[in-house]
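Engineer: Use the sequences and the hints to build the structure in full.
Each protein sequence line maps, in turn, to chains Y and V.
So for the first sequence, numbering that gives the first Met the number 0 puts the first residue at 0; every next one is plus one.
So for the second sequence, numbering that gives the first Met the number 0 puts the first residue at 0; every next one is plus one.
If you're looking for bench data, these hints aren't it; they were derived computationally from the structure.
Ideal placement from N, C-alpha and C gives every residue a C-beta, glycine not left out.
Errors might be hidden in some of the hints.
Stretch by stretch, here's where chain V covers chain Y in the computed footprint (C-beta under 8 Å, at least three residues) [as the list claims (entries may be wrong)]:
#	region
1	18-24
2	172-185
Lysine-lysine pairs mimicking PhoX-like chemistry, simulated, CA-CA at most 25 Å apart [to be verified]:
#	chain 1	residue 1	chain 2	residue 2
3	V	Lys39	V	Lys1
4	V	Lys1	Y	Lys276
5	V	Lys68	Y	Lys205
6	Y	Lys202	V	Lys1
7	Y	Lys204	V	Lys68
So the chains spell out like this:
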Amino acid sequence: MGRLTVNLCGVELDNPIIPASGTFGYGYEFAELYDINMLGSFSFKGTTKEPRFGNPTPRIAECPMGMINAVGLQNPGVEKVIAEELPKMRQHFHKKVMANVSGFSVEDYAYTCERLNGEEDIGWFEVNVSCPNVHGGGMSFGTSPEAAAEVTAAVRKVTDKPLLIKLSPNVTDIVSIAKACEAAGADGISLINTLLGMRIDLKTKKPVIANKMGGFSGSAIFPVAVRMVYQVAGAVNIPVVGMGGVSSAEDVIEMMLAGATAVEVGAANLIDPFVCKTIIEELPRVMDKYGIQNLSDVIGGAHHG
Amino acid sequence: MKQGIFTILTNQPLTDTVYRMVLKGDTSAITAPGQFVNIKLDGLYLRRPISVCDCVDGELTLVYKVVGKGTEQMSTMSVGEQLDVLTGLGNGYDTALAGSHALLLGGGVGVPPLYMLAKTLIAQGKTVSVVLGFNTKNEVFYEQEFKALGANVTVTTVDGSYGVKGFVTDALPASYDYFFTCGPEPMLKAVYKNTVTEGQFSFEERMGCGFGACMGCSCKTVTGYKRICKDGPVLTKEEILWDA
Numbered sequence: 000m001g002r003l004t005v006n007l008c009g010v011e012l013d014n015p016i017i018p019a020s021g022t023f024g025y026g027y028e029f030a031e032l033y034d035i036n037m038l039g040s041f042s043f044k045g046t047t048k049e050p051r052f053g054n055p056t057p058r059i060a061e062c063p064m065g066m067i068n069a070v071g072l073q074n075p076g077v078e079k080v081i082a083e084e085l086p087k088m089r090q091h092f093h094k095k096v097m098a099n100v101s102g103f104s105v106e107d108y109a110y111t112c113e114r115l116n117g118e119e120d121i122g123w124f125e126v127n128v129s130c131p132n133v134h135g136g137g138m139s140f141g142t143s144p145e146a147a148a149e150v151t152a153a154v155r156k157v158t159d160k161p162l163l164i165k166l167s168p169n170v171t172d173i174v175s176i177a178k179a180c181e182a183a184g185a186d187g188i189s190l191i192n193t194l195l196g197m198r199i200d201l202k203t204k205k206p207v208i209a210n211k212m213g214g215f216s217g218s219a220i221f222p223v224a225v226r227m228v229y230q231v232a233g234a235v236n237i238p239v240v241g242m243g244g245v246s247s248a249e250d251v252i253e254m255m256l257a258g259a260t261a262v263e264v265g266a267a268n269l270i271d272p273f274v275c276k277t278i279i280e281e282l283p284r285v286m287d288k289y290g291i292q293n294l295s296d297v298i299g300g301a302h303h304g
Numbered sequence: 000m001k002q003g004i005f006t007i008l009t010n011q012p013l014t015d016t017v018y019r020m021v022l023k024g025d026t027s028a029i030t031a032p033g034q035f036v037n038i039k040l041d042g043l044y045l046r047r048p049i050s051v052c053d054c055v056d057g058e059l060t061l062v063y064k065v066v067g068k069g070t071e072q073m074s075t076m077s078v079g080e081q082l083d084v085l086t087g088l089g090n091g092y093d094t095a096l097a098g099s100h101a102l103l104l105g106g107g108v109g110v111p112p113l114y115m116l117a118k119t120l121i122a123q124g125k126t127v128s129v130v131l132g133f134n135t136k137n138e139v140f141y142e143q144e145f146k147a148l149g150a151n152v153t154v155t156t157v158d159g160s161y162g163v164k165g166f167v168t169d170a171l172p173a174s175y176d177y178f179f180t181c182g183p184e185p186m187l188k189a190v191y192k193n194t195v196t197e198g199q200f201s202f203e204e205r206m207g208c209g210f211g212a213c214m215g216c217s218c219k220t221v222t223g224y225k226r227i228c229k230d231g232p233v234l235t236k237e238e239i240l241w242d243a
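Structural biologist: The following block contains the structure:
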């Protein structure tokens with residue numbers, strides 16, 4: 000067991016670094032650049048029952064220290080993911096991968112997870128009840144404790160693999176939603192998804208993004224994410240995967256002090272494709288600087304005393 | 000794709016708004032004309048994708064138009080300053096599909112990638128005719144550079160202040176057996192309608208990453224969904240679906 004090892008819902012990770020869903024595809028583009036097996040794991044592109052093209056373009060807008068995206072869950076659908084993407088992914092990545100799943104009905108979520116459940120290299124399900132980009136679906140499950148619990152319970156019935164529910168920050172009381180998921184059988188909570196945001200172009204006087212609004216991510220949202228991870232980790236008895244604006248080894252340690260067992264890195268991958276490799280390589284030095292022997296020792300450290 | 004640190008050798012205006020920047024660094028990932036690079040700039044979150052105008056022996060030439068914060072910042076950079084650049088992005092033009100007489104149609108800031116393309120085609124022994132379209136005389140750039148390569152060059156201006164009055168499609172040569180184009184989308188649509196052969200189009204889209212990870216720049220094509228940054232920016236005429 001190394002200094003960076005953590006245990007996420009019974010599965011050991013060499014380190015807590017997990018590229019976040021939607022910023023890493025199925026890993027191929029990054030495998031051209033470095034050996035992605037150095038990662039703890041990665042969360043693959045959000046998968047739905049049916050293929051989806053997603054939203055019209057432009058889908059991207061820049062913000063101070065961040066960006067907005069309204070991709071809209073573009074993915075080839077679960078059957079093609081199983082038949083084509085996962086076999087291709089296996090050529091590059093030989094560890095347990097996190098399966099990120101989205102849906103537009105409780106049945107969708109259960110169906111997609113059930114289809115993926117037979118894939119041995121899926122270590123965890125990360126069920127996204129929070130994507131803000133999809134009209135008439137995604138958002139609503141993550142914004143009420145009852146709906147989030149309903150999705151959790153439905154997926155719980157179809158899998159024995161560790162089940163994480165990925166929560167939206169665009170709610171008034173994230174703790175009650177996290178607790179409802181825990182009560183419904185979740186093995187962990189991952190948060191935060193993007194914050195709903197918008198930019199308007201002064202030249203055209205119209206929204207920059209075709210979908211008008213989108214998910215705001217990047218360094219700017221880091222303090223919001225730390226706060227929400229801290230609140231949720233203090234209220235549930237299951238592991239928390241922290242994410243939102245993480246871009247350095249220092250950010251990873253801060254997120255773990257707030258209560259995260261593992262840490263996802265999202266938008267930063269799009270700006271610096273080597274960022275996860277850099278973070279993993281930097282962690283021992285930064286741990287030394289702050290007198291940390293084993294990374295797992297700092298989980299939730301900010302809650303004590 | 001490679002990430003590298005490049006040093007600015009020159010950065011000079013060609014017109015009021017168009018600049019030419021030459022950078023020194025590892026250009027080994029650049030394998031075809033029509034590819035682009037993605038540049039990190041201080042204080043801006045997203046990288047800025049810029050098409051490759053030319054690339055020779057570790058020297059990368061970019062011709063860019065100041066259109067926003069990023070390109071404005073680039074225009075103020077000095078010789079010796081360094082930039083973090085992702086190189087070798089996009090598919091680029093496939094010159095193997097061209098016949099013996101290629102027509103290159105460029106509009107405004109769509110002109111630069113055609114320079115390395117013309118150079119490549121001429122090196123392959125092909126005849127190259129180029130039509131460069133601009134709004135007005137003082138926006139014209141790179142006419143002499145294309146001529147120096149040995150291309151037949153026609154310039155059009157919308158207001159008729161220089162060259163042929165009108166759009167690039169008003170100055171199509173009588174014969175050519177393949178075409179390549181890059182420019183604003185209305186121009187690309189006009190080229191699509193007015194050309195008689197097969198050809199390749201280079202598209203522009205707002206990008207997140209520029210290397211295929213985020214799906215920020217997807218488009219629908221006859222052969223399925225494509226990412227402008229990774230599967231493009233060049234699409235063949237037969238695979239284009241307009242406004243899809």
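Engineer: Check the hint pairing Lys39(V) with Lys1(V) against an upper bound of 25 Å on the C-alpha distance.
Structural biologist: It holds: about 13 Å lies between the C-alpha atoms, which stays within 25 Å.
Engineer: Do three or more residues of the region 18-24 of chain Y come closer than 8 Å to chain V, measuring C-beta to C-beta?
Structural biologist: That given contact holds, which follows from 4 residues of the region 18-24 of chain Y lying within Cβ reach (below 8 Å) of chain V.
Engineer: Quickly compare the C-alpha distance for Lys202(Y) and Lys1(V) to 25 Å and report which way the hint goes.
Structural biologist: Violated. Lys202(Y) to Lys1(V) sits at ~34 Å, over the 25 Å cutoff.
Engineer: Does Lys68(V) pair with Lys205(Y) here, judged by a C-alpha cut-off of 25 Å?
Structural biologist: Answer holds: Lys68(V) to Lys205(Y) is near 18 Å, not above 25 Å.
Engineer: At least three residues with a C-beta closer than 8 Å to a C-beta of chain V: is that true for the region 172-185 of chain Y?
Structural biologist: Not satisfied, violated; 0 residues make the cut.
Engineer: Does Lys276(Y) lie within 25 Å of Lys1(V) when you go C-alpha to C-alpha?
Structural biologist: 15 Å, holds
Engineer: Take a quick look at whether Lys204(Y) and Lys68(V) sit within 25 Å of each other, Cα to Cα.
Structural biologist: Holds, at about 17 Å.
Comparing the model with each earlier hint shows violations of hints 2, 6; every other hint is respected.
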